[in-house]
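As they're listed, the protein sequences go chains A and B.
Quick note on my numbering: the first sequence kicks off at 3 and runs consecutively.
Quick note on my numbering: the second sequence kicks off at 181 and runs consecutively.
Bear in mind the hints are in silico, worked out from the structure with no lab data behind them.
We put the CB at the ideal spot given by N, CA and C, even for glycine.
There's no promise every hint is true.
Said to hold, decoys possible - For each label pair, taking beta carbons as the anchor points, the in silico distance ranges come out as: (1) B:Val456 - A:Pro95: 33 to 41 Å; (2) B:Arg292 - A:Ser310: 50 to 58 Å; (3) B:Leu329 - A:Gly15: 49 to 57 Å.
Said to hold, decoys possible - Away from chain B, derived, C-beta distances all over 10 Å, residues of chain A: (4) Ala92; (5) Gln202; (6) Ser330.
Unchecked claim - Here are a few chain B residues that face chain A, going by a calculated C-beta distance under 7 Å: (7) Glu289; (8) Lys293; (9) Arg373; (10) Ser374; (11) Glu376; (12) Ala377; (13) Leu381; (14) Gly382; (15) Ala383; (16) Gly384; (17) Val392; (18) Pro395; (19) Gly396.
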Amino acid sequence: MTGNHEATVSLEGLSVAYGDERAIDDVSFEVHRGEIFCLLGPSGCGKTTTLKTVAGLESPDEGDVYVRGSRVTDEPAYSRDTSVVFQEWALFPHKTVLENVEFAPRMDGESRERRAEEARSVIETVGLSGKEDAYPEELSGGQKQRVAFARSLAADPSVLLLDEPLSNLDEGLRREMRLEILRIHEEFGKTTVHVTHDQQEAFTLADRVGIMRDGCLIQVGEPSEVYSEPKNRFVDDFLGETTFVEGTVSDGCIETPVATFAADAEDGDVEVSLRPEEVFLSAPEPSPDGGGSVSGTGEVIKRIDQGSIVRYHVHADSLEDRLLSEYSAREDPGFSEGQTVSVSVVDDPRVFDESGRRVT
Amino acid sequence: MRGSFRSSLDLLYDKLSGVSAGALVVPFVVFETVLFLGAGVYLLRVSLAEPTALSAFEEGTWTVSNYLDVMTDEYLMGRLSYSIRLGAVVTAVTVPLGFVYAYAAWRAEGRRKITLLSGVLVALLISIVIKVYAWVILLSPEGVINRLLVGTVTDSPVSLLGNSFGVVVGLVYSMLPYVVLTVYSVLATLDERSIEAARDLGAGRLRSVYEVVLPGAAPGVIAASVVCFSWSSVAYAAPVFLGSPSERTVAVEVGRLFTQSFDWSHAAALGVISMVAILSTAGAGTLTYTAWRRYM
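For reference, chain A alone in the conformation it holds in the complex (with noise of 0.2 Å):
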C-alpha cells in the first residue's frame, strides 16, 4: 500500500459480449498506484476477459481504459504500458530465457549490450541466474513461472496484470510463489491487477479485491472487509466455507432451528450465515458463557484434524445440514465423533433475504 491513491488504472462500465453472451458487463473500478488488486471469482466470472481488456488483448464493445489518466482503449496491445504474465505463461519456446526476458527491450530497440544486461538483473532478481542459456523446456514450473515474471518485468511496464499465474503449480510450489509475488512487488513496486478463482492467494496478495460473478464486479474493498462485511449471499459463500440456516424474521427477532437473534429487518424468510469460526461447541452441562446464543445439542459426526487446525462437523438437531465448527489446534476442545455438545453461535451472523441481498 502505498500512500498515493492515484488511480494507475481505471475501468469505466466496461463492456464486453461473445456474440449474445456477455462475458462481462458493465465492469468499473480503479486500481491505485503501487498496489496489488486482485480480481478474484469462479471461472467463467470474466475476470480473465476484464485483465485482457485492460492489456488491450481483448477489445471492449462498451466502456474505457485508462492507464495512468490516459484513455488507451483504442490502443493496440503492444503500445499499452501494461504487460501480463499468462495462465500457462506462454514462454517463447524456441528462444532461450535470456532472450524471452530481453524480448521486450528488443522490440523497444535498445541495444544488444544495454538489453542483455537490463535482462540478466531482471533474471537475477527472479533467481534464476545460470539458468540464462536454458530453453523453457529444460526448466521446472516454478522455474517457467519466474521467466514469465521477468520476461514481464524487462518491459519495464506501469501495470503488470497477472493472470492466474500460479494455478499450473502444485501447492507447496504456489504457496512459495504467493510470497515471491510479495517480495518482487515489494522490489518494483509495480501496480499490480492479479486474476484468481483463489480466495487464499487472492487474501494473501490483495491490498484490495474486487469480486467478480457472472461477468459483473460485484464487491471491491479489502480483503479483511470483504469477508467480514460480504454484499450478498453469494459473496459470503465463495470467501469461506459456510452453512446457510434458513430462518424467519418477525417482530425484530430471526428464529433459526439453531438459535434466535435480534435483529433490525423485515418479516419474511431469510438464510442465516454460520462459518466455522462462528460456531461454538462446548460440554453438555449448559455452560455460564458459551460466547454467544446458545442454542441447544448436537452430535459431533466427523472430527478432522489438519495439523494446525481442528474441524468439527455437526449434526444440530432440528437441523438438516451440518454446521462446521473450527478450532486452532492448542483450542481444541477435544471431542470425539459420536459425541453429544451443546452448539452456541455468534449472535450477530450475516443475515440475506430471499433474493441474497445482504440484510444485516
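Given chain A, work out where chain B should sit, using these hints.
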C-alpha cells in the same frame, strides 16, 4: 462365439501393446524398401546398361557412357536447369502464399476455419489433369480472363498460355494444398498465446509472427518447401498442357526417352541425374535456411 472373438481381440491388443512403437512401423518400412528402394536400384541398374536399338536396353552390360552422354547433352542439361529454376520460382511463390493461408486457417475459429481448411482439401480431391484443363479454359486467348481483359485493359488478348507464366500459375495452384496442409499441421502444435505474449511485450502484428510463429513453424515451412520444390521441378502435366516446348521439364524429357525413343538407359540416367540434382538443391536450400535462422 462373440465372446471368444472379443477375447481374441483383447489378446491381440495385449500383444500389440507390448510391442514397441518402433516395431509398428516395420510393415511400412518393408513396403517402402521394396517399392521405393527396389525400384530405385532397378533404375540405377538400367542407367548403367548399354543402350540398344533392338530393345529397351542391353541386359547384362555395364557402362557409364549414358551419364556422360546426358551430361554433355546441352539440350538436356538446359532442360534440367530450367526445371530447377521453375521449381525455385514455384516454391518462392507457393510457400509464402501457403504460409499466409495456413496461418489464417490456424488463427480462424469455427465456421471460417472449417471453410478455409475444406477449401484446400477439396482442391486435393480434383484430378491434376482436370485442374490443368481448368486453367487452359481460364488462360487461353479466348478464355475467361482474356475476355474480361480485352476491351477493358488491353486491345488484344494477352498470352497467358504456352509460356512460363501459365506453367507457374498451374503449378502454384496444384502445389498450394500440400504446402498449406504441411504448414498448418505444424502451426496447430504451437501455442497461440505466445503470439498474444509477443504483442503484449511490444511486437506489432508482423513482428510477432516473425519472432514467435516462424521459428516454431520452421520444420513445416522447410518440409513444405522441399515437397513443393521437388514436385514442381519434375512436373509433367502442367508444363505439357499449359506451356510450350520451351517449358518442358526433365520429367517430360525422361518420358519422351522412355516411350518415344524407347531408350531406357539414357532415360534412367537422366532420371538419376535429375533426382540427385534436385535433392541436393533442396538440401542446400534447407541448410542455408537453418543456418540463416540460427544466425538471426
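inquiry  = Does the closest beta carbon of chain A sit nearer than 7 Å to the beta carbon of Val392 (chain B)?
reply    = With a minimum Cβ separation of about 6 Å from chain A (threshold 7 Å), the hint on Val392 (chain B) holds.
query = In terms of Cβ atoms, is chain B entirely out of 10 Å range of Ala92 (chain A)?
reply = violated, 4 Å
Interface hint outcome for Gly384 (chain B) [beta carbon to chain A under 7 Å] = Holds, about 6 Å.
key: Hint check: 7 Å Cβ-Cβ cutoff, Lys293 (chain B) to chain A   = violated, 16 Å
ask   = Hey, does the Ala377 (chain B) contact hint survive, CB to chain A under 7 Å?
value = Hint on Ala377 (chain B): holds, closest Cβ of chain A at ~4 Å, below 7 Å.
key: Hint status (Cβ of Arg373 (chain B) to nearest Cβ of chain A, threshold 7 Å)   = Result: holds, 4 Å to nearest chain A Cβ.
message = Just to be careful: measuring from the Cβ of Ser374 (chain B) to every Cβ in chain A, is the smallest value less than 7 Å?
response = Given a least distance of 5 Å, the restraint on Ser374 (chain B) holds.
task = For the hint on Gly396 (chain B), just tell me whether its beta-carbon gets within less than 7 Å of chain A.
result = holds, 6 Å
query = Should the hint that Gly382 (chain B) touches chain A count as held when the rule is a Cβ pair under 7 Å?
reply = For Gly382 (chain B), the interface hint holds, since the closest Cβ of chain A sits about 3 Å away, which is under 7 Å.
ask   = Does the Cβ distance between Val456 (chain B) and Pro95 (chain A) fall inside 33 to 41 Å?
value = holds, 36 Å
inquiry  = Does Glu289 (chain B) hold up as a contact with chain A if the rule is Cβ-Cβ below 7 Å?
reply    = violated, 11 Å
query = That 50 to 58 Å hint for Arg292 (chain B) and Ser310 (chain A) (C-beta), does it hold up?
reply = holds, 54 Å
The structure fails to meet hints 4, 7, 8 from the earlier list, while all remaining hints are met.
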